[in-house]
Amino acid sequence: MKTFLQFILFMVIAVVVILMAIVLGELGAWYFAWLVGTGMIVLITAAGGALLDAQDEHAAHEAGIGSVDA
Amino acid sequence: MDTYALLQITWWLLLGVLLIGLAVMVGMDMGVGTILRYVGRTDLERRVALNIIGPHWEGNQVWFVLGGGAVFAAFPLIYATAFSGFYVVMMLLLWSMIMRPLGFEYRSKLPSEAWRNTWDWALLVSGLVPMVVFGAAFGNLFHGAPFHFSWNLTSTYTGSFLGLLNPFAILCGLLSAALSVFMGAVTVMNGAEGVIHARARTLARVSSVLAIVLFAIGGFWVRGMQGFVLTSSPAAGIAQTPLQQNVSLVDGAWFANFQAHPVLWLVPALGFAGMLLGLLAAGARRSHLAWWLGAVAWLGVIGTAGTALFPFLLPSSSMPAQSLTVWNSSSSQLTLTWMVGFAAVFVPLVVWYTSWAFYVMRGKVKAEHVSADEHAY
Amino acid sequence: MHDINVVDLSRLQFALTALYHFLFVPLTLGLSFLLAAMETVYVTTGKPIYREITQFWSKLFLINFALGVATGLTMEFEFGTNWSFYSSFVGDIFGAPLAIEGLMAFFLEATFIGLMVFGWKRLKRGQHLAVTYMVAFGSNLSALWILIANSFMQTPTGASFNPVTMRMELSSLTELIFNHDAQAKFVHTSIAGYVTGAIFVAGVSAWYLLKRRHVELARRSFRMAVLFGVLATAGVITLGDALGFIGGQAQPTKLAAMEGLWKSEPAPMPFNLVAFPSQKDQVNRGQLQVPYALSLLVTHSMDGTVPGVDRLELDAIARIRNGIPAVAALQSLSAAPGDAAALATFHAHEKDLGYGFLVQRYAADVTQATDAQIATAARETIPQVAPIFWSFRVMVLMGLLMLAYFVLAVIYSMRNNIEHQRWFLKIAVWMIPVPFLACEMGWLVAELGRQPWTVYGMLPTWMSASTHGVGYMIFSLVGFVGLYTAFIIAEMYLMVRAIRIGPDASHAGEGAGPITDTSQAARLAGYAQEA
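In order, the protein sequences belong to chains R, D and X. Each residue of the first sequence is one higher than the one before, counting from 0 in numbering that gives the first Met the number 0. Each residue of the second sequence is one higher than the one before, counting from 0 in numbering that gives the first Met the number 0. Each residue of the third sequence is one higher than the one before, counting from 0 in numbering that gives the first Met the number 0.
Chain R extracted, bound-state conformation (with noise of 0.2 Å):
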C-alpha cells in the first residue's frame, strides 16, 4: 500500500512537472533552459567532485600495489 501511494505521489508529481514544462517550453524557452541548464550544471560539478575522490582513491590503490610489488 505505502509504494503504491508512493507511486501515486511520484507520479502526479511527474505529470505536474511535465505540464509545467510544456507550458514554460512554449512561453519562455530561455527560462526553460535555464532551469534544466542550471541543473545539469550543478550535477555535473557534483559528479566532478565525487570524480577526484574515487581518482584520489584509485591512485592510492595503486601506489598501494606498486609498494607491494616493490
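Only pairs whose alpha carbons sit at most 30 Å apart, straight line, appear in this in silico DSS-like list of lysine-lysine:
1) X/Lys46 - X/Lys120
2) D/Lys365 - X/Lys120
3) X/Lys123 - D/Lys363
4) X/Lys123 - D/Lys365
5) X/Lys262 - X/Lys279
6) X/Lys210 - X/Lys425
7) R/Lys1 - X/Lys123
8) X/Lys350 - X/Lys262
9) X/Lys123 - X/Lys46
10) X/Lys46 - X/Lys210
11) X/Lys120 - D/Lys363
By construction, these hints were calculated from the structure, which means they are not laboratory data.
Given the coordinates of chain R, work out where chains D and X should sit on it, guided by the hints.
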C-alpha cells in the same frame, strides 16, 4: 461598489498589513540594535543579544523591502511623490539602514575592541534613526506635505528638510521608537537569561509606559488639528488623477471617520490594550505573550493612523486639492488584480516558512555557544 | 521644470550605486549554486571534507552577501528619490516585478540564509541541503524579477499609455514576464554570475595550492569550480549572442553604438574589430574590419542588414514630428479630460508620444519646435558610441579569455595534476577580477546603450528625474561616496583576512598563522574517524 474600488481598498488594507509586518518584524530587530549597548555591557553579552535575532534579521528586513515595493506597485504616485519629496530624510533613512547588514555581518569578524564598538554604535544609529523616521513620516501625513503637480503629473516639492521635523512628527517618531524598543526588549527577553534578561525587562516596562503616554497625547493633538476633507472628486473606483478634485481643511476632521462609524474606536482601543497588557506581561516575565501583545499594539497604532486619514494617503499642504488619496494614486485595475493574486499565494507561504525558521532556531541563546560557534555574529 | 545638471547628477549617482551594487550580485548568484553543489556532494557521499568546504565558502559568501543586500536597498529607494517622474509614469508596470521580487524571491533567500548559517547543528543533513538550494534559487529568482523590470525599460512590452491617468499601464503581465529581452538577459546575467563564482573559487583555491595550504580543500574546490565555470561560460557566450540578436532588433540605436555603425551599408556588413568612434563627426577614426562578420553576428545570415546612425536619425526626425501632436493633445486632455477631438488626435499619434517628449526638452511648447530643435533632439537619440563600443569589446574579449582559461583548467584538473601547474595557478589567481570587470562592462553596454531613454522609445531620461536642486544631489553623492568607500574597504579587508585565515575554524577569532601540512594531515585523519 465596483471591482476597481474594491481592489483599491484591498490594497489599502494590504499596505496596512505590510506596514504592520514591517513595524513588527524590522522594528523588533531595530529595537535590539537600539538597546544593544544598554542590555549588553560586555562584548559577550552584546553578542548574545545580537545572536538572538541573528538567524532572522535578514528575513525580517525583507518586510521593509517589500513595504517599499508594495507602495511602488500599488500606489506608484505615492512612492514617486513621497520618496522624492522627503529626499534628505530618505537618504538619512537609507544610509542608516544600509549600515545594519554590515553591523551584523562584520562586527564580530575582528577581535578589535574599537572595531566592535564602532559597529555597536552603527547598530544603535541604524536601529533608532529609521524607526524615528518611520513614525515621523506618519506624523507628517496628518499635516500634509508641501508638493504640487504639473500638467503631466511631474511632482515638485517646495518644503525643506527641517519642516519635516515639526513637533507632532517628532512625537510620532518617538512613539514609533518606543514601540520598537519594547519589541526589541521582549525579543531579548525571549532569548536571553540572567542579567541581560533583567535589563531588557526594565526597558520593556519603561518603553511601554512611554508608548501609552505618547499615543494618548497624539490622540488629543490630532483632535485639535485641521484635517483634510474631499469636497468634490470623481467617484471612487473611477480612474482619475489628483488634478480633478477639491479639498477643504476642517478642524478636527481627522476624527470624522471614527465619528461616522463608532465601531472604529476599537482600533485605537486595540493599540492601548496591546501596550497596557504588554506592560503587564513583560512585568510578569511572560515575554512571548508580551511580543504578541506588542504586535497588537502596532496593529492598533498603524490602524488608527490609517483609519483617521482614509481615504487620504498623502495630503498636500501647499495645494490641498492635489492631495493623494486611495482613489487617485493607485495602480490600474489589472496590476492591482495580479498583485492581489501574488500576495494571496506568497504572503501565507512566507509566513509559513518564516515560522518554521523561528521554530528551528527556538530556545535560549547561551553565552558559551556564542563564543564557541564560528558562525555566530 | 528639470535642471539638466540634476538629471546628469542623478544619472551619475544611479550609475555609481548600481555599478557598486553589481560588484556583489554576480558572486552571490554564482557562489550560492556552487555552495549547493558542494553540499550536495557532502550529503550524497557523507565525506566531512565537503562539509568543511561548504562552510568555508559560505563564510566568504556571507561577507559578500551583506554588502550586496545593503547596497540593494539603495537601488529600491533611488527610483523614488531620484527618478520620481519615471516612477509615477511607469510604476504601474515597473513596480509589480519589484514587489513580486520581494515577495517571491528575496524573502526566500533572506529567510533561509539565516538557517543556512545558524542551522548546521539544528537541521538534518537533507534539510540543510534543501535550505542551501532555497538560498540559491531565491537569489537567482531575485535577479529574474529585477531583470524583467529592467527589460521593460529596454524593450517595453505588455503595456500601453492611458491618457486618463497620464501614465503607462500594464496590459499583459505574461507579455511583461516572457519578454524575449527579459528571458535572454536573465539567463545571460544569472550565468555570468555562475562564471564569477567559479573564477572566484578557482582563484582562491589556486592561491592555497600555490601556498601549499589546505590542499585537500583547494583541489576539490578547484575541480568543482572549473567544471561549473566551463559550462557556465559556454552558456554566457551563447546567451550573449541571443541577447545581441534580440536586442539588436528592438533597440537599433544601441546596436549601432555597440558596433560603431555610422553609415547604413548593404549586406554583407563588415564587423569593426577595432575602431575609434568620433561622436561629433559621426565617423570612426581608424578602424580594423572583418568582412561579412557583422551580418552573420547580428542577423545570423549573410544578407541581413541593420540600420546605421544616418538612417536612425532620419527615422527619429520623422517620429519626433509625428509625436509633437500627441504631446500637444495630451496637454489639452490634462486641462479638459473630456475633449474628444484631442483624444482622437492623441490616439492618431500615440505611438510616437515619447519622441514628442524628446523635443520638449528644447521647446517647452512643442508645437513651436523649430527644425533645428527637432534635429538636435533626433541627434540625441544616438547614445555615446565610443564608451559603448569599447565596453562591449572588453566584455566579449574577457568572455573569450575566461572560456580559454576554463577549458585549460578543466584539462589540468581532470588529469588531477593541477597542483604541479604552478604557472597556471598564478594565472588563476590573477583571473579573479576579470569576471567582475566583465559584468560591469555588460551593465554599461546595456544601460548606456539605452540612452537617451529610461523607457526605450517611450520616456526620455531628461523627464524622468526628480525636480531637485543641485544641492540635494551633491549632498547625496557625497554621502554615498563616503559611505561606500568605507564599506568596500571593510569588505575587502574582511574578505582577504578570511581567505588568509582559511577554513581552520579554531583560528577564526584571532590572527591565524600559517597552517602547516601536518595539521592538515591531522585533520584529515580526524575526518576518517568521524566518517
